[in-house]
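S.K.: Following the UniProt record's numbering, the numbering of the sequence shown begins with 1 at its first residue and continues without gaps.
You can trust all of the hints, since none of them are fake.
The calculated DSSO-like cross-link candidates involving lysine-lysine, where the alpha carbons are at most 27 Å apart (straight line), are:
| id | residue 1 | residue 2 |
| --- | --- | --- |
| 1 | Lys-221 | Lys-57 |
| 2 | Lys-361 | Lys-337 |
| 3 | Lys-337 | Lys-57 |
| 4 | Lys-361 | Lys-57 |
Simulated from the structure, these hints should not be mistaken for laboratory data.
In this text, all values refer to a predicted model and were calculated from it rather than measured experimentally.
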Amino acid sequence: MSSPQSDRHVVVVGASLAGTRAVEGLRALGHAGHITLIGAEAELPYDRPPLSKDLLKSDWSDDAVAGFRLTSAEALTAAGVELKLGVAATGLDTVARVVRLADGTSVGYDVLIIATGAIARPSPWRPESGVFQLRTLADSRAIAEQLRTGAPLVVVGGGFIGTEIAAAAVGFGCSVTVVDPVAEPMARIVGPDVAGSLVGLHERHGAQARFGVGVTDIRGKLGALEVLLDDGSTIDTAAAVVGIGSIPCIDWLEGSGLTLGNGVLTDGMLRAVGADDVFAIGDVARWPHPGRGVEVRAEHWTNASDQARYVATALTGGVSEPYGSTDYVWSDQYDWKVHTIGWRDPNGSSALVRDLARDGKTAVVHSNGAGEPTGVVTVNWVRGLNLARRLLAAGDPAERIVAELEQLA
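Using the sequences provided together with the hints, build the complete structure.
M.R.: Structure representation (C-alpha cells):
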C-alpha cells in the first residue's frame, strides 16, 4: 500500500453501510482529499437489517423510513463528499484507475474502495407474478404492501431473513408456510438446540414449517399461486417470498484483473488481490479469517461497519495489523431476540447452558473439533451475551465460558 497522502481522491463504489461508514471514517480521521460515493440505487444510504425487521412491520411513513437512513444529503455535502446516486458501476480499469458508470461517464481515482455488497440470489421460479425477493428498500416496501392484505404466504428459505419475514406476515394475519430443503436450516448458525426451539416458536404462532422438502416450481400469478414440492405435494398461496441466499455484486469487475470468486479476494489488510490501491469491504469482500484459517465472505452488519472503519484508518496512516474479524449477527423472531457471536464449526460440538423452557432464556457455546471455543448463541439473554462476548475476546477456554454462564444463570 502506498504511504498515506491526505490529498488523494478516494472513490467508494457502493452507498451501503460499509461504503457510507468508510466515507464518514475518512473525513473523521482527517482525510482532506476529494471523496466520491457512488450508489446504484437512487435512494440515500439506508440500513438494511430493518428491511426484514422493524421497517417491514412499520407504517412506512416518511418518518419511519427516514429513521433508518444512514446519513443525509446535507451531511454528505457538508463533509465535502461528491454523491452519485442512481448510477451503477459497470466496469473497472485498474491500470488507468477509472471506474466506468452505467450513464456512460467514468470516474478516476487514486484509491478505490469496493463496497457494492450482495444481491438476493435470483429466484429460479418465475410465474406470471406474485414472487417477491428482499434486498432493497423498494423490495421491503413491496413485501410489506402484500403482507397487509393478510393473504396466504409461502416463504421459500428458512434462514434468519426468511423466518423474520414469516414472523412479520403472521403478525399481519397471513397464513404462512416456510419451506426449506434442509431439515434444520437455522442449525448451521445457531446449532440444533436453538434451531429446534425456533421452529417450535413459529409453529406456536401458527406458521407451518415444511423443512426437508424442496420447491420444484412455482406457477400461476399473484393471488393464485401453486408451489410444487419435491415430495409431490402442492401448496396453494396468494404470494411467495423467495430467500435462497445472496451473491456478491462483482459482475462489473469482470476483466479488471482483481481476483474474483464468491466476492473480491483481499489480503489480511483488506487490499484487493490483483491491483494497487484497491480495497474491498463489507458483504462483497472475501478475506482470510484470522480465527477460522480460511477465506470467508461475511454478510454481517457489524463486520461491514468495522471493515469500513479499518480501511479508513489504514488510508490515514493508523493501521499496521491485519483486520481482526467481527462475527456478530442478531435476529428478531416474534418477541425473541437471538444473538450470535463467533461461528459454529460443523465438525465441532455445542454445550447448552440453560433450558429455554425455564424462563425463556438460553445460551449455547460452540467449540471446534479441538475443543476450542468458536462462538456463543444467546436467546433473550443480554447479560449472558455481554459476558460471553468478554470471555471469547479474552480467549478463555470453552469450559470456563460454560461455567461462567451457568453461574450467571
